[in-house]
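Whole structure, please, built from the sequences with the hints as guidance.
If you're matching them up, the sequences are chains E and A in order. In this text, residue positions in the first sequence follow my numbering: the first is 4, and each later residue adds one. In this text, residue positions in the second sequence follow my numbering: the first is 4, and each later residue adds one.
It should be emphasised that the hints constitute simulated quantities derived from the structure, not laboratory data. Wrong hints could be hidden among the right ones.
The list makes no distinction among identical chains, and a pair is therefore deemed to hold if it is satisfied within one copy or across any two copies.
The calculated PhoX-like cross-link candidates involving lysine-lysine, where the alpha carbons are at most 25 Å apart (straight line), are [unchecked claim]:
id: 1; residue 1: Lys96; residue 2: Lys188
id: 2; residue 1: Lys95; residue 2: Lys376
id: 3; residue 1: Lys96; residue 2: Lys376
id: 4; residue 1: Lys357; residue 2: Lys95
id: 5; residue 1: Lys315; residue 2: Lys335
id: 6; residue 1: Lys96; residue 2: Lys357
id: 7; residue 1: Lys188; residue 2: Lys95
id: 8; residue 1: Lys262; residue 2: Lys335
id: 9; residue 1: Lys263; residue 2: Lys335
id: 10; residue 1: Lys173; residue 2: Lys232
id: 11; residue 1: Lys19; residue 2: Lys171
id: 12; residue 1: Lys19; residue 2: Lys30
id: 13; residue 1: Lys30; residue 2: Lys135
id: 14; residue 1: Lys217; residue 2: Lys173
id: 15; residue 1: Lys153; residue 2: Lys171
Listed below, chain by chain, are the residues.
There are 2 protein chains.
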Amino acid sequence: LLVQILDTIALFLSRKLAEIGFDLHFKTTVGDNTGRLTAALEIAAGRADVIIVTGGLGPTVDDITRDAISAFTGRKMVMDNQLFSRIAGYFKKRNIEMPENNQLQAYMPEGATMLENRAGIAPGFIIEHNSKIIAVMPGVPSEMHPMMEKSVMPYLLEKFGPAAGVIKSKVLHVVNLPESVIDEKIEDLFRSLANPTIALLAHQAEVDVRITAKAAGVTDADEMISKVKAQIYERLGDNIFYEDDETLEQKVAQLLFDKKITVATAESCTAGLVAFRLTSVAGSSGFFMGGVNAYANSAKINIIGVDEEIIKIHGAVSAECAADMASKTREKFGADSAISVTGIAGPGGGSEEKPVGLVYIGVDINGEVKTHKYIFPGSRESIRVRAAQTALLCYYKESKNA
Amino acid sequence: LLVQILDTIALFLSRKLAEIGFDLHFKTTVGDNTGRLTAALEIAAGRADVIIVTGGLGPTVDDITRDAISAFTGRKMVMDNQLFSRIAGYFKKRNIEMPENNQLQAYMPEGATMLENRAGIAPGFIIEHNSKIIAVMPGVPSEMHPMMEKSVMPYLLEKFGPAAGVIKSKVLHVVNLPESVIDEKIEDLFRSLANPTIALLAHQAEVDVRITAKAAGVTDADEMISKVKAQIYERLGDNIFYEDDETLEQKVAQLLFDKKITVATAESCTAGLVAFRLTSVAGSSGFFMGGVNAYANSAKINIIGVDEEIIKIHGAVSAECAADMASKTREKFGADSAISVTGIAGPGGGSEEKPVGLVYIGVDINGEVKTHKYIFPGSRESIRVRAAQTALLCYYKESKNA
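Here it is in structure tokens:
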């Protein structure tokens, strides 16, 4: 409860349960205390048919989930020999002596169904107890996610059938419009709709519009969503660039693959963020030639080849410099196109004429160069994140139309 | 429960309660359903002295907190005339006709103490019921945070006195050691200590060791923490690089400022992440000269100046290439030192000899070059994040000793 991290586990589980139409009614967080976890299990069993527990399956003394499950169900923990050999093998393979603690992880409650852990040591398990289903998984997301998807969800569907109906969501990512303007444009949909519902969520450089439909089946839900989606596209279409888990870099990558264009980057204030995002897409070596993080003016001049006169006359943070950075970078890397970013991320370095947040973005496509000027609000981090996001957007729009 | 956002509210409340020495034992999330919220209040009253409720105070039909509180306490909701005029004034000032729904927000449970909302319409309130304290606040963080700090925390301190003491935490970030090894090295501390307690939390490229002390006052808590901290440093000191909210890039930056060293980067698979992290520190233009994200071999050869023969003989992912990238980059940017990263982030591109995850890191300090070989597990993203983290670590160690 004191752990100073955000609860991404609950977020994942609520989405996955919605996908298969299970209503999530309560979410409870309990500290590493066997008595309190046992009490929480008792309360959960009194108000739900399925209980999902995550975390506390590690090898240390504060991993109390096995004990609590044992106390709650009255079942003994028994050593699973096969599991023990597997855990021992894990350490042997890595040439590490198996710590005695890890033996703990070879114990399972009597009668439990073991759930394979594809990414770590501790398996999960499912127990059916007094006609309640208790699924227990590790708390590490990389271990828990596949276990939920490959084992727990199929188990629940097998047990209860797909009859319960589904809840589906679609997220439209709106960029370059403030939340209040979006709100005004679709306010009537908000008010009139009970199902699907619409919700807004503002981020640093975009606003998510989430449409959620509850229906008997997936087809019905999809149909309900697509109707509302069409209405929202009518009003906000120009500013919706991607949906659901799609990312802007994926959209850019797809466009570059389709058009067979290569790209290079020249970044000052974002210092690599645009390049890093572009290359987050698998296969990006097919379109990304490389980039220069030209922080110092000497780097802009010596490495990219920016005209020294331009920096002298207009300064490094100027449309002229952004343009020259883009075109020289395109040439230098032998790319079809280039993106450049130069700006003042702060907190220092601003002036009345050139305030903190001032950013110029340059896009060169086959020798045709355009520049864009922005003044971004917020912290150093926020300015850099927005600058990279906006650079990718500018580039996307222009290479799409090129 | 379906809202696809992270629960920052719980995180905030757990920290604030710890600050004033209140033990948080349970956290429950309930959907917008009056019956279920009322039931959750009943459970909470059975296991805690103070219940904090957030959210559901808006003007819409799914804002059910007022009704649930009324049902649970058996108190009527009464219109507060002063509050009504204030809400009406809010709309009048903005030249908006007051929606009928907003009248709802002028109702308070009989006998409740109203809590001022400095950032929005709906006030919060506190009720004392059957010797339990129930504090209700809006769910919007910008409204809830000041209400918690200015109203609820003082109320709780006033009521229970400062006798309950404080809870303080310190986090030591341990890198380059697996969780199980850390566990073994400090296991006896885990077992023997009830206060302070020690907890481990594994991340992608590091493990956090959190020491939490409960004491009568801040000084006592600090003293308790520092004793345990010294013991942990004795055992893990070589692998502890930063504490609490400090970051690795801050440590590197501080070292570079202190030693007056400049640095440049040459990144292949991390494509800018090392440069981006280094420049996240304000004032980084004082030490960061720039970098090249040399994705294509042509970029490594033409922009950085890597010897073509080296790539032909050893390949781009090799110790030799990492070394040449570092030394050529240092020269090219006129820097005192350079960091290079070259590897296979996957999912494609791996072979038996050079598997996905293979990463070479080069560090050149004043012409002295060292390389390091790693094989990182996990996804493309995980490999890139670990590679950048490890590159910064290698660089930190070597520039510290240089």
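Going down the list of hints, with the structure as the test:
Taking the shortest Cα distances, Lys96 and Lys188 sit within 25 Å of each other only across copies (21 Å), while inside one copy they are farther apart (60 Å). Taking the shortest alpha-carbon separations for Lys95 and Lys376, only the inter-copy value of 22 Å comes in at or below 25 Å, while the best intra-copy value is 58 Å. For a Cα distance limit of 25 Å, the shortest separation of Lys96 from Lys376 across copies, 20 Å, qualifies, whereas the shortest one inside one copy, 56 Å, does not. Only between protomers do Lys357 and Lys95 lie at most 25 Å apart by alpha-carbon distance; the minimum there is 23 Å, versus 61 Å within a single protomer.
Proximity of Lys315 and Lys335 under a CA criterion of 25 Å is satisfied in both settings, with 22 Å inside one chain copy and 22 Å between copies. In the homo-oligomer, the alpha carbons of Lys96 and Lys357 lie at most 25 Å apart only across protomers (19 Å), although the nearest pairing inside one protomer, at 59 Å, exceeds that limit. Taking CA atoms no more than 25 Å apart as the test, Lys188 paired with Lys95 passes between copies only; the shortest distance there is 19 Å, against 62 Å inside one copy. Taking the shortest alpha-carbon separations for Lys262 and Lys335, only the intra-copy value of 21 Å comes in at or below 25 Å, while the best inter-copy value is 34 Å.
For the identical chains of this complex, Lys263 and Lys335 are intra-copy neighbours only, at 19 Å inside a copy versus 31 Å across copies, given an alpha-carbon limit of 25 Å. When the C-alpha separation of Lys173 and Lys232 is checked against a cutoff of 25 Å, the pair qualifies only within one copy, where the shortest distance is 8 Å, while the shortest distance between copies is 47 Å. In this assembly of identical chains, the alpha carbons of Lys19 and Lys171 lie at most 25 Å apart only when taken from the same copy (10 Å versus 35 Å across copies). For the homomeric pair Lys19 and Lys30, the shortest alpha-carbon distances inside one copy (14 Å) and between copies (21 Å) are both at most 25 Å.
Both within a single protomer and between protomers do Lys30 and Lys135 lie at most 25 Å apart by alpha-carbon distance, with minima of 17 Å and 22 Å respectively. Taking CA atoms no more than 25 Å apart as the test, Lys217 paired with Lys173 passes inside one copy only; the shortest distance there is 12 Å, against 45 Å between copies. Only within a single protomer do Lys153 and Lys171 lie at most 25 Å apart by alpha-carbon distance; the minimum there is 20 Å, versus 40 Å between protomers.
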